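Student: Chain order of the listed sequences is A and B. Quick note: the first sequence, position 143, residue 143 per the numbering used here, numbers continuous. Quick note: the second sequence, position 98, residue 98 per the numbering used here, numbers continuous.
Hints are computed from structural coordinates only; laboratory data are not their basis. Be a bit skeptical, because a hint or two may be false.
If several chains are the same, the list does not tell them apart, and a pair holds so long as it fits within one copy or across any two.
Straight line, CA to CA, 27 Å or less: simulated BS3-like cross-link-like pairs of lysine-lysine [as the list claims (entries may be wrong)]:
(1) Lys155 - Lys32
(2) Lys114 - Lys147
(3) Lys174 - Lys23
(4) Lys4 - Lys23
(5) Lys32 - Lys174
(6) Lys174 - Lys114
(7) Lys70 - Lys18
Keep in mind the model is a prediction, meaning the values are calculated, not measured.
Protein chains: 2
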Amino acid sequence: MKEKGLLIVLSGPSGVGKGTVRKEIFSQPDVKFEYSISMTTRAPRTGEVDGVDYFFKSRAEFEQLISEGKLLEHAEFVGNYYGTPVDYVRETLDAGRDIFLEIEVQGARQVREKFPEGLFIFLAPPSLSELHSRIINRGTESDEVIKGRMEKARKEIEMMSLYDYVVENDEVEKACSRIQSIVVAEHCRRERVQHRYKKMLESD
Amino acid sequence: MKEKGLLIVLSGPSGVGKGTVRKEIFSQPDVKFEYSISMTTRAPRTGEVDGVDYFFKSRAEFEQLISEGKLLEHAEFVGNYYGTPVDYVRETLDAGRDIFLEIEVQGARQVREKFPEGLFIFLAPPSLSELHSRIINRGTESDEVIKGRMEKARKEIEMMSLYDYVVENDEVEKACSRIQSIVVAEHCRRERVQHRYKKMLESD
């Protein structure tokens, strides 16, 4: 039987830099896992490309996919849906390849229920005030939206308990390197590899 | 309260290359942990230096230290004692620095009992036959010694269950890189870091 791939979930508070970290990881030549592109109903930001950054859908299309059970997880966040198409995830894992999801914390909770054996990584801000300034510096949101996000971030940090690892996003390169290390380490976990060696002993 | 360092234990079958891997790790400029030099009653091999590779002791000296409780672990192996002086380990951990032990599997079992929270890494041979040829190529042992070591290796691979991670020593550089990744990942484990973030939330 073929060994299944690893489901890697990167999540964390809004504004912490999940997207930036994910892009940096996938820009590296030695990346060994597939990226699961999310689906969303929010409008593309400047520079975002359909089918690369997200699959951009209408609310009606998105709700149709929910009702058909085609989403591994979905969440409504600041008035928009976000979700992960399930088929690509299952096919990749079954083929023995690792897959990488970058999703909101609500979604991560749903994935944890369905894939408890997944690798859940929480991207954390160096401090809440740092998070605050990052959100302000994005410069596209009203005070009300920022305040709501800060409150949400507090709750999300409290949700850390659901994760296996916490990676501080102090510098993007360092955060990426830690995430790569976590994936390497997980592939060395004894529970995951012991059966290979048992087989080696039997066949010798 | 100061956070304690991580106790990193590298072990594995005789002949698998623990010493080579350990030397390679400590030859790297970015190594972030201390090496706990073992004590032994065996004669130095060519090139081995007292106080660098091992502390070389007589049997009488070694047995004295055992009786005084000065060893974290000790084992008799192919007619010689090997052990880890306990004081340096405790002082390093208490100072918040990681410490690295490279020890025999008998010793690792003793350390696991005393430090269940340690990080136990099993260095595994790519195959038993590969292990066999490595032992032969060392060229310093009789057939009887080799046969005994092979039997021992089988038993040691079965002991893998006591470890957190298994690192295959297919290439020394790769094995070292995996070990470094495991240490980085362990420092990101949620159980280890969550309390820092709880504090951040409280102080904000």
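Student: If the cut is 27 Å between Cα atoms, do Lys32 and Lys174 qualify within a copy, between copies, both or neither?
Tutor: Close inside one copy (18 Å) and across copies (15 Å); limit 27 Å.
Student: For the identical chains here, do Lys4 and Lys23 meet the 27 Å Cα criterion within one copy, between copies, both, or neither?
Tutor: within (25 Å within a copy, 34 Å between copies)
Student: Regarding Lys174 and Lys23, is the shortest C-alpha distance of 27 Å or less found within a copy, between copies, in both, or in neither?
Tutor: both (14 Å within a copy, 26 Å between copies)
Student: My question is about Lys174 and Lys114: at a cut-off of 27 Å on alpha-carbon distance, are they close within one copy, between copies, both, or neither?
Tutor: neither (30 Å within a copy, 33 Å between copies)
Student: Checking Lys70 and Lys18: alpha-carbon separation at most 27 Å within a copy, between copies, both or neither?
Tutor: within (24 Å within a copy, 49 Å between copies)
Student: At 27 Å max between alpha carbons, let me know whether Lys155 reaches Lys32 within a copy, between copies, both or neither.
Tutor: Neither. Shortest intra-copy (33 Å) and inter-copy (34 Å) distances fail the 27 Å Cα cut-off.
Student: State whether the alpha carbon distance between Lys114 and Lys147 is at most 27 Å within one copy, between copies, both, or neither.
Tutor: neither (32 Å within a copy, 48 Å between copies)
When the structure is compared with the earlier hints, violations turn up for hints 1, 2 and 6 and for no others.
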